[in-house]
Each structure stands twice: as C-alpha cells, then as structure tokens.
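*Asks:* The primary structure of each chain is shown beneath.
2 protein chains.
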Amino acid sequence: MINQLVASIKKKQAPIVVGLDPMLDYIPEHLQKEAFEKYGETPEGAAEAIWQYNKGLIDAIADLVPAVKPQIAMYEQFGLEGVKAFQKTVNYSKEKGLIVIGDIKRGDIGSTSAAYAVGHLGKVKIGSKSYAGFDEDFATVNPYLGSDGVKPFIEVCKEEKKGIFVLVKTSNPSSGEFQDRLMDGKPLYEIVGEKVNEWGSEVMGDAYSYVGAVVGATYPEMGKVLRDIMPKAYILVPGYGAQGGTGKDLAPFFDKDGLGAIVNSSRGIIAAWKKDPYKEKFAPEGFADAARAAVLDMKEDINSAIL
Amino acid sequence: MINQLVASIKKKQAPIVVGLDPMLDYIPEHLQKEAFEKYGETPEGAAEAIWQYNKGLIDAIADLVPAVKPQIAMYEQFGLEGVKAFQKTVNYSKEKGLIVIGDIKRGDIGSTSAAYAVGHLGKVKIGSKSYAGFDEDFATVNPYLGSDGVKPFIEVCKEEKKGIFVLVKTSNPSSGEFQDRLMDGKPLYEIVGEKVNEWGSEVMGDAYSYVGAVVGATYPEMGKVLRDIMPKAYILVPGYGAQGGTGKDLAPFFDKDGLGAIVNSSRGIIAAWKKDPYKEKFAPEGFADAARAAVLDMKEDINSAIL
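Chains as they are written, first to last, in our numbering: chain S, 1 to 307; chain A, 308 to 614.
Bear in mind the hints are in silico, worked out from the structure with no lab data behind them.
C-beta atoms are modelled at their ideal positions from N, C-alpha and C, and glycine is treated no differently.
Hints may be right or wrong, so weigh each one.
[To be verified] Which chain S residues face chain A? A few, computed with CB under 7 Å, are given here:
| id | residue |
| --- | --- |
| 1 | V6 |
| 2 | S8 |
| 3 | Q13 |
| 4 | Y26 |
| 5 | H30 |
| 6 | Y39 |
| 7 | P43 |
| 8 | A46 |
| 9 | I58 |
| 10 | Q71 |
| 11 | L80 |
| 12 | I109 |
| 13 | S130 |
| 14 | E177 |
| 15 | M183 |
| 16 | F282 |
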C-alpha cells in the first residue's frame, strides 16, 4: 500500500491528505437541517449529516489528492451511529479510489494490539470464514507501550500489504512534555524515531517502508532530524494550516525528490467555506467547491516550497 | 464515580476488576454453535456469541466484584458488529450495578481528545439535545501526547463526575523500551506519574482523585515508587494471573488500609473453565460458574496479601 500511496502522490502531484474530521459546526446548516428533518436531532441525524458532508467533500477532492484521513474520534463522539458513519466514509473513499489512513492512534499490548490491527487493517477469523472489519489502508499507532504494541500491527501489515504511521513527534503545543525529554542526551522522539526505522526495515516497499511516522508540521527543525534518522519512513505531517504550519515549514520533512512526506490538512480544507478567503466566494451550499479550492491552494503552497 | 468505586470495593471486599476481553476461543463451543446457527459464521454471529458469553459472566460475578473492564480492541476486531456488542456489554454491566472501566487507551490532541472523552464518558450536543455515546464510567488514557491530550478528558470527568486511568507503566515485557528510559536521572514512568499527580490534584473525590493510573502487576518495585509519587491516584493494576503477577506482588500498589489499587484479571477469570484447576470441576457449560470460582480464589489471594 505504501507503493500505491507513493505512486498516487506522484501521479496527482499532491503530497496531501485531507483530514475528514467532521465537527457538527463545520457542517453547513442545510445539510444538518435535512438530516435532522429525516432523523431528528439524534445520533442518527448527526451521523447522516456527517455522511452527506463527507460524501460531498470526497466527491469534490477525489481526483486531486491521493488520500483521506478520517479521525475516528470525531465519529466515536456520536457513539455507535458515529462509528457507522466512519465505516461508510472509509468504504466510500476507497470506492472513489482514495487511500484511507485511519487516524485511530491505537496501541496496546500483544494480543490486544493484534485485535486492533485485525479490526482496522486485517481480517478476523470467525469459524471457517474471515472478514475485514473497518478495513482502512493505513492506521496511526501510539508507541508508548513499546515494540509489543507495534509489532502486532506490523505482522498484519505484512500479510495485508498495508501500513502504519507511528506517532513520533506530535503537532500539539504540549507534545514536548514527554516527547522532548532528554534520555541519555537524546530526546524521546529521536529514540522513538530510531525504533521506527528499525521496525520498518523488515517491511520494505519499493522505496519506503510499510512503517511510517507522524511528525508535526509545527516542529520543522525536529522534522529535519527525524527525516535523517528514519530515511525509509514516510512521514505523515499534521498541523498544517489551522495549527500554524505553513508550506515553507515543510521542506525539511521531504526528501530531495519531493517525496517522503504527506501533509494533512483537516479544518483548513473541510471547513474552508467558513473561512477567508473562501467564505467570500462560496455559499455554504458550495462547501465542497470551497474544499476543492482550498486543496488547490494548499497544493500550490506545498509544491512551491518543496519542488 | 471514584467515590462509588471505593465504596463498592469496600462493600464487596474485593479490589478486583474483571476484564471482559472476549477472544472467540475463550467462548465455549455451545455458545458459538448457537450464535452461528442463528446468524451464520459472520460478524453478527461472533458478536452474538460474545454477548451471550459476557452476559453469562456478568450475571455470575456481579455480586462479587465492583467493576468490569471491557477491552474495546477485542470488540473492534469484529468491526461494527463488535462495537455493538461492546455497547451492549457496557449497558448491561451498568444495569447489574457494576462500574464500567472502558479499556480504550485513547489519547489525541485538543478537540480530538475532547471528542473521545465526550464519546466515551460524556454527552455530545446534537442541535438542542445531548446524548451519551458509549457512556462508560471510567476510561483508560494514553499520555504520549502530553497535557493537551489528557486535559480534555479531565474536563469531561469534572462535568460528569467520572474518571480516567492514565497509562504510566504498562505490564508488558517491552514497556521499558520507552517508559523506563532515564530523563534527567528519572525514568519516564516517574515523570508521567508526577504529571498524573498534578492533573489529579484539581479533581479530587473524597479520598482519591478522578485521575488514576495504570501500573502493571509485573513491576511491583515500580508500583511502590509510583504509589508514593501519586498518593491520591487509584492504581489500576493489569497483569495479574495470566501475565505473571501474583497476590504477593501486589502489596506495594496498595495503601496501608488496603485501598488505593484495583487489580484486573481477564483471561484468568473469563477463560477459567479452560484452565486448571477449574477445568476439572466445570464443564464448558459451567463457564460462568468457573469464572465465579476464579474470582473467589483471586479475592482470597489478593486479600491475604494486602490485609
């Protein structure tokens, strides 16, 4: 799947992933109204609004970007109905030719991590049959529990030719609280980065490993160091746009050929219709066109910085 | 909720939580057969088998223990149908007077952590209404992202009078890979423990904080240090039994009055019917009675070590 991701990034000339993180207040009034008329102000109603919104967004951007990244928390907040909308979003994105990075940040130990891996990337055995669960193409993984927590994901990736992105240095302000602490003179994120490189060496695609890393756009100097520590890891870069990262911050995350990283934007794309400069040009009904325009602007911003 | 947990531990004289982590091969043949006859060898069938199994277990132990801890990974592995079984298990456990610790190990940043907190412990606003999602009483939280990732959970706990257990030192063999690394002469787990103490000081129940910690039974000497660093944190202790921890390892996790910690056992209880000494005494149909017997033995083992 990493090979397909790289191929699609090249083909679409867009090292960009759109974060499908639907907060209700990003969703235009008319979609909420329609959904609530049908299902009431209920979790079913919210899930329907999310689904119609995502569908519009996916249709508008599927030819421009290689991948989407639904953040499962935004679906889980609505309970079971939200999780159904997550599933529909994953399935529909794949139908439209998009690669799906499940932003699930799971991580546990041994058989428990294996269960997450099976549920999100693999197939579960039931009697004599086997079934895919949520069936994303990639998943994000939390490394706090060490190799025991990560390796079961890698096993499933090997079988299914899928991939993971391990959290190394996250984009949030307090990420340094633990991740930047020095251990034997080295920050924790470097030590995790070294492990990512080690874990990834066993599961190589053509040029990059099945094991990638998450490094926040808000920390470009660390991105540069980590790029060198993990030369074969694709870097998923959150924090562009709304969280403060800009195109010029991103060069250190990329290899010289403009590959090696994929930048996520969520709010900046999916809620573009609410923000300058798009809100002048697009009515709420044009939310999907506004997202498309924002993707095109982001593509230009990033490509001008890295190519 | 921490006050209720302490009260229930005292009343039942059992600092014990039963982990409801249903692997299909823990589930007796007859339950699988019935479920598959009804729904086929499908995710629906697996979810039905899990549900009937959990129901039997819950009925058999509800008067003995204060709490259950369903591990959501074991449900997510079956996709949406599994998540439905998780929801039913949470609801039924609460109906039976059990406190539910959702072992979800979530953790993300800002609004995303807030979404997890809302979905698992709080209520989500939909138009003019609000709804609880999965509605556990406690949840486990991964601290790798720092305060940004934990505080949104604490905010929801404050509103709902619920609680969290933050991963500090996990029970698995490779937990030391990152958690034991020295930072300024202190292992990471101590630094996280200090933060747990700080986060928890703002949300105190009567004797203990809404913010607890996870510390593995397999590391008793670290348990002792962490008990002192986090005097107000209830400690959730996994790793008893199947993972190698025994009753005598557990004393360091407890305060002098026998409070301050709650010990989890999953396989050791729910799959007791498959193991010595229970498999001699109980037929597979007696799986729930075997679980009850295993709880009584565990209670004796632990109480003899701490009281």
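*Asks:* Hints first: check each against the structure and report whether it holds.
*Replies:* Now the hints, each set against the structure:
no.	hint	in the structure
1	V6	violated (27 Å)
2	S8	violated (26 Å)
3	Q13	violated (29 Å)
4	Y26	violated (11 Å)
5	H30	violated (14 Å)
6	Y39	violated (10 Å)
7	P43	holds (6 Å)
8	A46	holds (5 Å)
9	I58	violated (20 Å)
10	Q71	holds (6 Å)
11	L80	holds (6 Å)
12	I109	holds (4 Å)
13	S130	violated (9 Å)
14	E177	holds (4 Å)
15	M183	holds (4 Å)
16	F282	violated (24 Å)
The structure fails hints 1, 2, 3, 4, 5, 6, 9, 13, 16 (numbered hints given earlier, in ascending order).
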